[in-house]
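Enquirer: The primary structure of each chain is shown beneath.
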Amino acid sequence: MEYEPVIGLEVHIQLSTKTKIFCSCSTDFGANPNTHTCPVCLGMPGVLPVLNKKVVEYAVKLGLALNCDINKFSRFARKNYFYPDLPKGYQISQYELPILENGFVEIETDDGYKKITLERIHMEEDAGKTIHKADGSYVDLNRTGVPLLEIVSNPVMHTPKEASEYLKAIRKTVRYLGICDGNMEEGSMRCDANISIRPKGQTKLGTKAELKNMNSFKHVEKALSYEIERQTAIIEDGDKIIQETRLWDEKNQITKSMRTKEDAFEYRYFPDPDLVPILIDDNYINQIKNDMPELPKAKYERFVREYSLKEDDARILTDEKHLADYFEEACKIHNNPTAIANWILTEMLGALNKENKTIEDSLIKPNQIAKLVKLIDNNTISGKIGKSVFAQMYKTGDEPEKIVKEKGLTQITDTGKLENIVDEVIKNNEKAVENYKSGKKNTIGFFVGQVMKATKGKANPKIVNELLIKKLEEI
Amino acid sequence: MYKKTLHQLIDLINKKEITGREIHKSVLDRIDLKDKDINAYTTVFREYEEYGKDGILKGIPIAIKDNMHIKGKRTTCSSKILENFVPEFNATVIEELEKESASFMGKTNMDEFAMGSSTETSYFGVTKNPWDTTKIPGGSSGGSAAAVACGEAIAALGSDTGGSIRQPAALCGVVGMKPTYGRVSRYGLVAFASSLDQIGPITKDVEDAAILMNIISKKDEKDSTSVNIKREDFTQYLNQNIKGMKIGVYDKVLKDCSEGVAKSMENSMDILKNLGCKLENVDLPSVQYCVSDYYIIAPAEASSNLSRYDGVKYGFRADGYDDLMDMYIKTRTEGFGDEVKRRIMLGTYVLSSGYYDAYYLKAQKLRSLLKKDFNSAFAKYDCIISPTTPTEAFGIGEKAGNPLQMYLSDIFTIPANLTSIPAISIPNGISNNGLPTGLQIMANAFREDNIFKCASAFEKEFNIIDKLPMN
Ligand SMILES: [Zn+2]
Numbered sequence: 001m002e003y004e005p006v007i008g009l010e011v012h013i014q015l016s017t018k019t020k021i022f023c024s025c026s027t028d029f030g031a032n033p034n035t036h037t038c039p040v041c042l043g044m045p046g047v048l049p050v051l052n053k054k055v056v057e058y059a060v061k062l063g064l065a066l067n068c069d070i071n072k073f074s075r076f077a078r079k080n081y082f083y084p085d086l087p088k089g090y091q092i093s094q095y096e097l098p099i100l101e102n103g104f105v106e107i108e109t110d111d112g113y114k115k116i117t118l119e120r121i122h123m124e125e126d127a128g129k130t131i132h133k134a135d136g137s138y139v140d141l142n143r144t145g146v147p148l149l150e151i152v153s154n155p156v157m158h159t160p161k162e163a164s165e166y167l168k169a170i171r172k173t174v175r176y177l178g179i180c181d182g183n184m185e186e187g188s189m190r191c192d193a194n195i196s197i198r199p200k201g202q203t204k205l206g207t208k209a210e211l212k213n214m215n216s217f218k219h220v221e222k223a224l225s226y227e228i229e230r231q232t233a234i235i236e237d238g239d240k241i242i243q244e245t246r247l248w249d250e251k252n253q254i255t256k257s258m259r260t261k262e263d264a265f266e267y268r269y270f271p272d273p274d275l276v277p278i279l280i281d282d283n284y285i286n287q288i289k290n291d292m293p294e295l296p297k298a299k300y301e302r303f304v305r306e307y308s309l310k311e312d313d314a315r316i317l318t319d320e321k322h323l324a325d326y327f328e329e330a331c332k333i334h335n336n337p338t339a340i341a342n343w344i345l346t347e348m349l350g351a352l353n354k355e356n357k358t359i360e361d362s363l364i365k366p367n368q369i370a371k372l373v374k375l376i377d378n379n380t381i382s383g384k385i386g387k388s389v390f391a392q393m394y395k396t397g398d399e400p401e402k403i404v405k406e407k408g409l410t411q412i413t414d415t416g417k418l419e420n421i422v423d424e425v426i427k428n429n430e431k432a433v434e435n436y437k438s439g440k441k442n443t444i445g446f447f448v449g450q451v452m453k454a455t456k457g458k459a460n461p462k463i464v465n466e467l468l469i470k471k472l473e474e475i
Numbered sequence: 476m477y478k479k480t481l482h483q484l485i486d487l488i489n490k491k492e493i494t495g496r497e498i499h500k501s502v503l504d505r506i507d508l509k510d511k512d513i514n515a516y517t518t519v520f521r522e523y524e525e526y527g528k529d530g531i532l533k534g535i536p537i538a539i540k541d542n543m544h545i546k547g548k549r550t551t552c553s554s555k556i557l558e559n560f561v562p563e564f565n566a567t568v569i570e571e572l573e574k575e576s577a578s579f580m581g582k583t584n585m586d587e588f589a590m591g592s593s594t595e596t597s598y599f600g601v602t603k604n605p606w607d608t609t610k611i612p613g614g615s616s617g618g619s620a621a622a623v624a625c626g627e628a629i630a631a632l633g634s635d636t637g638g639s640i641r642q643p644a645a646l647c648g649v650v651g652m653k654p655t656y657g658r659v660s661r662y663g664l665v666a667f668a669s670s671l672d673q674i675g676p677i678t679k680d681v682e683d684a685a686i687l688m689n690i691i692s693k694k695d696e697k698d699s700t701s702v703n704i705k706r707e708d709f710t711q712y713l714n715q716n717i718k719g720m721k722i723g724v725y726d727k728v729l730k731d732c733s734e735g736v737a738k739s740m741e742n743s744m745d746i747l748k749n750l751g752c753k754l755e756n757v758d759l760p761s762v763q764y765c766v767s768d769y770y771i772i773a774p775a776e777a778s779s780n781l782s783r784y785d786g787v788k789y790g791f792r793a794d795g796y797d798d799l800m801d802m803y804i805k806t807r808t809e810g811f812g813d814e815v816k817r818r819i820m821l822g823t824y825v826l827s828s829g830y831y832d833a834y835y836l837k838a839q840k841l842r843s844l845l846k847k848d849f850n851s852a853f854a855k856y857d858c859i860i861s862p863t864t865p866t867e868a869f870g871i872g873e874k875a876g877n878p879l880q881m882y883l884s885d886i887f888t889i890p891a892n893l894t895s896i897p898a899i900s901i902p903n904g905i906s907n908n909g910l911p912t913g914l915q916i917m918a919n920a921f922r923e924d925n926i927f928k929c930a931s932a933f934e935k936e937f938n939i940i941d942k943l944p945m946n
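Read top to bottom, the protein sequences are chains W and G.
For the first sequence, position 203 (counting from the first letter as 1) is numbered 203 according to our numbering, and the numbering increases by one without interruption.
In our numbering, each residue's number is its place in the second sequence (first place is 1) plus 475.
Simulated from the structure, these hints should not be mistaken for lab results.
Keep in mind that a hint or two might mislead.
Below, computed lysine to aspartate or glutamate pairings styled on EDC-like, alpha-carbon distance capped at 16 Å [unchecked claim]:
{"id": "1", "chain 1": "W", "residue 1": "Lys133", "chain 2": "G", "residue 2": "Asp798"}
{"id": "2", "chain 1": "W", "residue 1": "Lys115", "chain 2": "W", "residue 2": "Glu162"}
{"id": "3", "chain 1": "W", "residue 1": "Lys357", "chain 2": "W", "residue 2": "Glu347"}
{"id": "4", "chain 1": "G", "residue 1": "Lys788", "chain 2": "W", "residue 2": "Asp140"}
{"id": "5", "chain 1": "W", "residue 1": "Lys222", "chain 2": "W", "residue 2": "Glu162"}
{"id": "6", "chain 1": "W", "residue 1": "Lys222", "chain 2": "W", "residue 2": "Asp192"}
{"id": "7", "chain 1": "W", "residue 1": "Lys53", "chain 2": "G", "residue 2": "Glu696"}
{"id": "8", "chain 1": "G", "residue 1": "Lys874", "chain 2": "G", "residue 2": "Glu814"}
{"id": "9", "chain 1": "G", "residue 1": "Lys479", "chain 2": "G", "residue 2": "Glu497"}
{"id": "10", "chain 1": "W", "residue 1": "Lys72", "chain 2": "W", "residue 2": "Glu96"}
{"id": "11", "chain 1": "W", "residue 1": "Lys440", "chain 2": "W", "residue 2": "Glu473"}
{"id": "12", "chain 1": "G", "residue 1": "Lys788", "chain 2": "W", "residue 2": "Asp85"}
Calculated Cβ distances over 12 Å to all of chain W for the following chain G residues [said to hold, decoys possible]:
{"id": "13", "residue": "Lys528"}
{"id": "14", "residue": "Ile746"}
{"id": "15", "residue": "Glu814"}
{"id": "16", "residue": "Ala875"}
{"id": "17", "residue": "Asp941"}
Pulled from the structure, derived: some chain W residues nowhere near chain G, Cβ distances all over 12 Å [as the list claims (entries may be wrong)]:
{"id": "18", "residue": "Asn67"}
{"id": "19", "residue": "Asp111"}
{"id": "20", "residue": "Thr117"}
{"id": "21", "residue": "Gly201"}
{"id": "22", "residue": "Asp237"}
{"id": "23", "residue": "Met258"}
{"id": "24", "residue": "Asn283"}
{"id": "25", "residue": "Asp319"}
{"id": "26", "residue": "Ala351"}
{"id": "27", "residue": "Gln450"}
The beta carbon of each residue, even a glycine, is placed where N, CA and C say it ideally should be.
All chains should be built: construct the whole structure from the sequences, respecting the hints.
Expert: What follows is the structure, encoded as structure tokens:
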């Protein structure tokens, strides 16, 4: 029998607000344990939460980007459970009235665009970290109260590839919006997956497993693939899937049972009486709408249209907002989008990728890459010289004109000067002249090479070519 | 000196006849004499600490219920689990009092985590009623009420979740006010039931209550549920003519009250009539369910609020545990008293899946109904009056074994918490058994003005201030 996997994802994104969701502690990563804390996030007796309005703004931004319904009235709820890194004994989250509902994420598949529909997106606070050491367990509460948005998809994905495309699309969106850096390895974007399988054609869902502990797009794909095989094997053996939570074990490349449904927590959700309902009006939504950056898909389509870029090139350039901005800024200085795109995609990204760097790390500023292309376009240097100029720019961040000037790389376009060199080359290579004259026209390449050698590559190849043909034909 | 009211002492200080330090000494002597019997305090501040002299309170010491934080002093909530807990910040009400040059006398005894109506659930032992030390003083702010009644405090702050200010004030013959929910910041008040808790004054007379209310009523950015409403001078409503005031009398329950309470209530109605008020009986049909309603909502919120006392970060941690779960269980089993555990269980139960709709959600709906009842009543009346309690102070141990009986002693006070409205209890009689009774005056949300007008006019006609057990 053929089986169809059904996948739904729960993605947590850590918001890049300066302060925590319910107190004014810093959200900066990497501080000494328990230094970014105060009585509020430590859950001291008598403290009260005060909502950071930035979190609502970021949530509405994401809601607009993902086509969600924005609830004009939503509220926080308490999710009660005991754990040492949860200082209040409950997490402030949203339950029956989340800020965002419905909406979709568009992904590209081999069959074109597909809409992955969403159930809801809600605001909540992060918990702290429990660190287990040989001599005992330690709690670091720096992360406690860092704002999160939880994005819950409907169970509408059917392959691990779709799941990772969905994650990539979310990552791209939140980075474009500037609300989260989307770093799965560092945990600022986290993903849990619900997966079940069913006979193809059946509409009823099978029993699901919840997968946790996947710290990269790769892990998500691998864990889902493993789980599909595991569940298929169980069903084909005539056994039943048990509803449980399973952890991805990267070392052994398997999923392992963590707890079954019987051990599931009773969270006792109820509206948090310490916080008032969140009221949002159209005015507020419109203000945020006006501030919205162009989103990845719109930008991609515009790049193809406006700059006549190839689709693949436009796709790569719009993958990261910084890269797209870089490209557009360069185009403002020198209007040759095709050439600028080529330089960025081949030379720039080639060099950066080799060092595992991103465009933000580049010493070359957008106006400098534009100037480099301009120098080539107006025949000051050849494309070949351009590459060596680029290499120097990449290392030092120097202006291209300065490099060209200091190294004397300006192309020789003075016909008189070039004529002398051409004459010299023809004179010194009688044998080649004979070959040319006997009809081997491609000998011309050899002559060009000789002229280039004599000029250290600075001769304008077009002029050299013309001169050579003229002179050789005259002989 | 300890016998005087706050406003009398302010006048004396203004005339330079006494100082805050001398008042502190006088009250301290009184505490040393009486508190062995009364046990009103969990912590007494023996050293006088001054926060300026220029504010309204001129350095006069105020007693604070032991569930509000004074930086650097322990806040126990009368619980073993917080026996040695010292907060690193002030409650907002403490900040406001310090701004007006209050000093502090100490922290007063209470039912553990404010759960009780008699202070019998305190880890530090019961507070006794200074009118008769075989009786309870009421609760949960029993320490504050008893201290004010017998001169162990000039004035005090209490907190009121279901009557915890008004009921002990009534049983100790003093004035106790629960403001409108949101009028006073809850920041730094250890939460019992967040949607019901409110801080308020316990004082010898109505004017003192107005003075303290003026200071603590303020919008606080640290408390999202505090309301941004214009500050007003409540003393302007004192000593006014209340002729024509429309008062609803909630008399349905009088038949369930003790003879003494019923008699005091009848006298009170006569007094108000003589003042020219128009009295009418008012029907509030949903009130009959309010005790059940309260004992779903309050424990539900409490079960969550008290989860933080887990032995991990602060407070008591049990010895000799095997693992994390064992540490939680032993710490909370040993750290909490029976009443607290009873309410945590109750609250956990009503929030559990499968019971949430039947209990918690239904209770919230009833709360809305109750609000409707009161709203339509306040369309007709400026105030609604009732006895504060069904009986005078009962004997120590008398109801301790019967929680349900105990819960019913808050039957008149609970509606104001569930509907967020302000209410005061003022003395309205002394029964034949020598114990005081209280009159409760309620008004619509943020209409404390009506309460002060009515209470002040009543007090001018009738008070027991000279009969307080001060000797
Ligand atoms: Zn904090």
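Enquirer: Look at each hint and say if it fits the structure.
Expert: A quick look at each hint next to the structure:
1. Between the alpha carbons of Lys133/W and Asp798/G the distance comes to roughly 15 Å, so the proposed pair stays at or under 16 Å and holds.
2. Among the hinted pairs, Lys115/W with Glu162/W is consistent with the structure: their alpha-carbon atoms are about 11 Å apart, no more than 16 Å.
3. About 13 Å separates the Cα atoms of Lys357/W and Glu347/W, which keeps this hinted pair within 16 Å; it holds.
4. At most 16 Å may separate the alpha-carbon atoms for a hinted pair to count; Lys788/G and Asp140/W meet this at roughly 11 Å.
5. For the given pair, Lys222/W sits about 12 Å from Glu162/W by alpha-carbon distance, which is consistent with the 16 Å threshold.
6. Between Lys222/W and Asp192/W, the direct Cα distance comes to roughly 13 Å. Compliance with the 16 Å bound is thereby established for this hinted pair.
7. Pair hint Lys53/W plus Glu696/G holds up; C-alpha atoms about 13 Å apart against a cutoff of 16 Å.
8. Taken as a hint, the Lys874/G and Glu814/G pair is honoured in the structure, with Cα atoms around 13 Å apart against an allowance of 16 Å.
9. Distance hint between Lys479/G and Glu497/G is fulfilled; the C-alpha atoms sit about 13 Å from each other, no more than 16 Å.
10. A hinted pair counts as satisfied when its Cα atoms are at most 16 Å apart, and Lys72/W with Glu96/W qualifies at roughly 14 Å.
11. Of the supplied pair hints, the one linking Lys440/W and Glu473/W holds, its CA atoms being roughly 13 Å apart against a limit of 16 Å.
12. Taken as a hint, the Lys788/G and Asp85/W pair is honoured in the structure, with Cα atoms around 10 Å apart against an allowance of 16 Å.
13. With 12 Å as the threshold on Cβ separation, the claim that Lys528/G sits away from chain W holds: the shortest Cβ distance comes to roughly 28 Å.
14. Taking the minimum C-beta to C-beta distance to chain W, about 38 Å, the non-interface status of Ile746/G holds against the 12 Å cut.
15. Non-interface call for Glu814/G relative to chain W: holds, since the shortest CB-CB distance, roughly 18 Å, exceeds 12 Å.
16. Once the 12 Å rule is applied to beta carbons, Ala875/G is consistent with being away from chain W; the minimum gap is 26 Å.
17. Every CB of chain W lies more than 12 Å from the CB of Asp941/G, the least distance being 38 Å, so the non-interface label holds.
18. For Asn67/W, the shortest C-beta to C-beta distance to chain G comes to about 30 Å, beyond the 12 Å cut-off, and the non-interface label holds.
19. The claim that Asp111/W lies off the interface holds: its Cβ sits roughly 41 Å from the closest Cβ of chain G, which is beyond the 12 Å cut-off.
20. Residue placement check: Thr117/W keeps its beta carbon more than 12 Å from all beta carbons of chain G (closest about 26 Å).
21. Its beta-carbon lying about 34 Å from the closest one in chain G, Gly201/W satisfies the requirement of being farther than 12 Å from that chain.
22. Residue placement check: Asp237/W keeps its beta carbon more than 12 Å from all beta carbons of chain G (closest about 33 Å).
23. Once the 12 Å rule is applied to beta carbons, Met258/W is consistent with being away from chain G; the minimum gap is 16 Å.
24. Residue-level check passed: Asn283/W sits 20 Å from the nearest beta carbon of chain G, beyond 12 Å.
25. With a cut of 12 Å on Cβ distances, Asp319/W stays outside the contact zone with chain G, its closest approach being about 41 Å.
26. Remark: the non-interface label on Ala351/W is consistent with the geometry, its nearest Cβ contact in chain G lying 50 Å away (cut-off 12 Å).
27. The beta carbon of Gln450/W is kept farther than 12 Å from every beta carbon of chain G, the shortest such distance being approximately 81 Å.
Of the numbered hints listed earlier, not one is contradicted by the structure.
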